[in-house]
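Asks: Chains as they are written, first to last, in our numbering: chain A, 2 to 505; chain B, 351 to 472; chain C, 191 to 364.
To be clear, the hints were calculated from the coordinates, so they are not data collected in a lab.
Just so it is clear, CB atoms sit at the ideal spot from N, CA and C, and this is done for glycine as well.
You may find that some hints are simply not true.
[What the hints assert, rightly or not] Capping the alpha-carbon separation at 27 Å, the derived lysine-lysine pairs in DSS-like fashion look like this:
#	chain 1	residue 1	chain 2	residue 2
1	A	Lys433	B	Lys471
2	A	Lys366	B	Lys370
3	C	Lys355	A	Lys105
4	C	Lys211	A	Lys28
5	A	Lys105	C	Lys218
6	B	Lys466	C	Lys270
7	C	Lys355	A	Lys26
8	B	Lys375	C	Lys355
9	A	Lys103	B	Lys458
10	A	Lys26	C	Lys270
11	C	Lys270	A	Lys28
[As the list claims (entries may be wrong)] Per label pair, the in silico range of CB-to-CB distance:
#	chain 1	residue 1	chain 2	residue 2	range
12	B	Leu435	A	Lys25	34 to 40 Å
13	A	Leu402	B	Val374	36 to 42 Å
14	A	Ser41	B	Gly443	23 to 29 Å
15	B	Leu429	A	Gly195	17 to 23 Å
16	B	Leu429	A	Leu198	44 to 50 Å
17	A	Lys366	C	Met213	36 to 42 Å
18	B	Gln416	C	Met213	54 to 60 Å
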Amino acid sequence: MSVPLPVFVAIPLVTAFLLPIFGKKGKSVATLLANLATISLLVLAVVSIGQSRVYEIGKWSIPLGINLVLDGLSCLLLLAVSTVSTAAMLFSTRYMEQYTAKSKYLCLFLLMVAGMNGVVLSGDIFNLFVFLEIASIASYALVGFGCEHEELEASFKYMVLGSVASMFILFGIALVYGNTGSLNMAYISKAIQGSGLNAGLGFALCLFIVGFGLKAALVPFHAWLPDAHPSAPAPISAMLSGVLIKALGVYALARVVFNVFGISVPISWVLIVLGILSMIVGVFLAVGQWDFKRLLAYHSISQMGYVVLGIGLGALILARGGNTTWASLAILGGLFHLVNHAVFKSLLFLTSGSVQMATGTRYLKELGGLADRMPITRATCTVASASIAGVPPFNGFWSKLILVVAAVQAGFWGIAAVTVLVSLVTLISFLKVQRYVFLGELPENLRYVKENKNSMLVAMIFLACLCVLMGLLVIVPSLKQSILDPAVKVLTDGVEYSAKIINM
Amino acid sequence: MPYALCFLLFVIGLYCVLVKKNMVKIVIGILVMEYAVNLFLIMLGYRTGGAAPIIDKTCLEPGTGQITASFISTSVDPLPQALVLTAIVISLGSLALIISICVRTYEKYGTFDITKIRRLKG
Amino acid sequence: MEQKQRNSNVAQKEKISNGVKGMTIIVKTIGSWAKVLIFLFGIYIVLFGHLTPGGGFAGGVMIASAYVLLMLAFGGEFVKQNLSPSLALKLACAGTLAFAAIAVAGFFYGPDGFFWNFIGQEWLAGESSNLHFINAGIIMLAELAVGVIVAAAIFLVIFTFSTFKFDVSDNQKE
């Protein structure tokens, strides 16, 4: 059954603008509609696994009109976005009762989901920019949602850096249009292969790397993330850290660098250096944090470094003309880590939200001994911490193993060593979290905390089960071939993307 | 040559965002960057001595109703104009949001100076 | 000394935070004539968006500026009784849903008809048709919807900024 592609964007948009009409009296109806929207998106994303097609909007043929493209990479990211948004929406039915403007929150949340779906499906570079702006503006408003001191400061910092990034991206798009005469990614790719990179296109590529790197919070550009992600409400932190920095940052970067411009040796070294810097800086700054969510935010930076390192390593091997098996393995490690990180990082943020809702604080030194009072939160937090630290048999272990194997086989012993070291330091910091939050002594004022309500627990248990089961995605061959291999093939095919789209 | 001036305007806006300490001046810097990029987009489509890209009866061939070749060779490119319309509206929405954050921050902290609004550290 | 400083801060904030008061009788008279012209001109720009420069965005901003003129001349309370912010929010949502309905209506013509211009096909070939005005098909309907959305949204933004009341407690001491 082939779902028409605009449905992925139309369902959250229509639901988002239906909700403010209900106002304050129809809050439960609004919440029910929003949950139905995200669950239906998940069902549609699962149904569209393994398909690959082009949808022309308004029946205008390709260079004249905009098109939406569904291929393996888009499919993988659609699955990630809809999974995390379903869990976060379910969690926020109970969590957002603390705030007053819940219908506006749901409207902004669904706008963010619509924007991310649009970015992932778009086949036209300006359309990608428009949807990127929709998702970014919705997330700026959501970060400062409870209007306290720190949230407003964090939202301002995030917004200034995000706007600067969008301006760089728009400037890059203008340069690309001026040099190639088309806005469709397939036609741009064809023109660039024909003429090669001149000065304008090279500058545009640098602007794209800076702009998308700012959105993805890679290391020279990460200054907004440790302030923005802790200040947001917990389900929004889960969405931001789980899917927004990937769909807007890493996916767009990969699409532009691999499919539109084509890889070369200098670009892949840039990606590898950015990845290694992010990994190291992120994890060493994370170990010393005493605020639970700020620690998780720094870990997001370091895990994004893993993804970009995997993709960059695959690009370097392909650009040097090396063994394509190791290149696909490296890219597989990077993309699988992207999906894994979406699941376990959002689960970690949801557990931190659960702890914050029960106890009212998120500073590690004020917490302690919650293992008996909140058993399910403790169990899911342990599962997620084990996943991010790379403990077998959870999903983080498999993706890190694939990355290390690919690095070793291609001869990059230093990169493999750095990966293992960063993994160890991640384990240390999560042992610290476990000891300070769940083990140890229960302080006086926390003696009466209770476990949270059912809808929040269902969301966390759903993500924890996914953490355990996702290792099967690489072990079982049929699952790997239907979900992960098409995504890897899109990136290793590189500029043949344009030939496939034009012929469809 | 006019493209270099656009780039200079962009760099001036970037300088404002990086150096200035008042929140409203930073917002103005973002706006100047926005103007520079919109101006660059419109100048890309410009053709010296070109006509506006609006079709009326004089631009159509008398027999078949197709567009004449002289129109295509003398008109200005309309696609960047549509892009700029969209970009202006996006920046309007983003500006409304960032100004409202500035107003609320002034209400909470009592100052617009970003060196004094530094509760989040480390 | 500190008490006097704090009192003057409070007085300054109250002066800012009282919302928009009206203006003199000259401005009120001219405003009540001019608002009709501005509103009508804005509607003209929206309706002819597919033929002349303008369209939904520019026309919507002009319609909103008619209401802003009213707010400056007569005060915030007057405008709140005529077009309250909650009604403006509902109008904006209704406009967006109308736009989405136009786009989704293309699905009735087959699964690849999202946003297809299913109205304006027949009039393009014949030159002697009297209905040049609506030969653009769904573009005119979409411009109408966008005009309503932009007018309501920009009015809401400017109205909320002008009548925002500062919280006159000692927030900066925390």
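Asks: If a hint holds in the structure, say so; if it doesn't, say that too.
Replies: Against the structure, the hints:
1. A distance of roughly 21 Å separates the Cα atoms of Lys433 of chain A and Lys471 of chain B; the hinted pair therefore holds under the 27 Å criterion.
2. Distance hint between Lys366 of chain A and Lys370 of chain B is unfulfilled; the C-alpha atoms sit about 37 Å from each other, more than 27 Å.
3. Straight-line distance between C-alpha atoms of Lys355 of chain C and Lys105 of chain A comes to about 20 Å, which keeps the hinted pair within the 27 Å bound.
4. With a C-alpha separation of about 35 Å, the suggested pair Lys211 of chain C and Lys28 of chain A falls outside the 27 Å cut-off, and the hint is violated.
5. The straight-line distance between the Cα atoms of Lys105 of chain A and Lys218 of chain C is roughly 36 Å, outside the 27 Å bound, and the hint therefore fails.
6. The straight-line distance between the Cα atoms of Lys466 of chain B and Lys270 of chain C is roughly 37 Å, outside the 27 Å bound, and the hint therefore fails.
7. Proposed proximity of Lys355 of chain C and Lys26 of chain A is supported: the alpha carbons are some 25 Å apart, at most 27 Å.
8. For a cut-off of 27 Å, the pair hint linking Lys375 of chain B to Lys355 of chain C stands: about 23 Å separates their Cα positions.
9. At most 27 Å may separate the alpha-carbon atoms for a hinted pair to count; Lys103 of chain A and Lys458 of chain B meet this at roughly 22 Å.
10. For the given pair, Lys26 of chain A sits about 22 Å from Lys270 of chain C by alpha-carbon distance, which is consistent with the 27 Å threshold.
11. At roughly 25 Å between alpha-carbon atoms, Lys270 of chain C and Lys28 of chain A fall within 27 Å of each other, so this suggested pair holds.
12. Here the CB-CB span from Leu435 of chain B to Lys25 of chain A is close to 36 Å, well matched to the stated 34 to 40 Å.
13. At roughly 51 Å, the beta-carbon separation of Leu402 of chain A and Val374 of chain B lies outside the given 36 to 42 Å, and the hint is violated.
14. Judged by the Cβ atoms, the range 23 to 29 Å given for Ser41 of chain A and Gly443 of chain B holds: they are separated by roughly 27 Å.
15. With their beta carbons about 21 Å apart, Leu429 of chain B and Gly195 of chain A fall inside the hinted range of 17 to 23 Å.
16. Between Leu429 of chain B and Leu198 of chain A the C-beta distance comes to about 23 Å, which lies outside the given range of 44 to 50 Å.
17. Under the hint 36 to 42 Å, the C-beta atoms of Lys366 of chain A and Met213 of chain C, about 57 Å apart, miss the expected range.
18. Our hint of 54 to 60 Å for Gln416 of chain B and Met213 of chain C holds, since their Cβ atoms are close to 57 Å apart.
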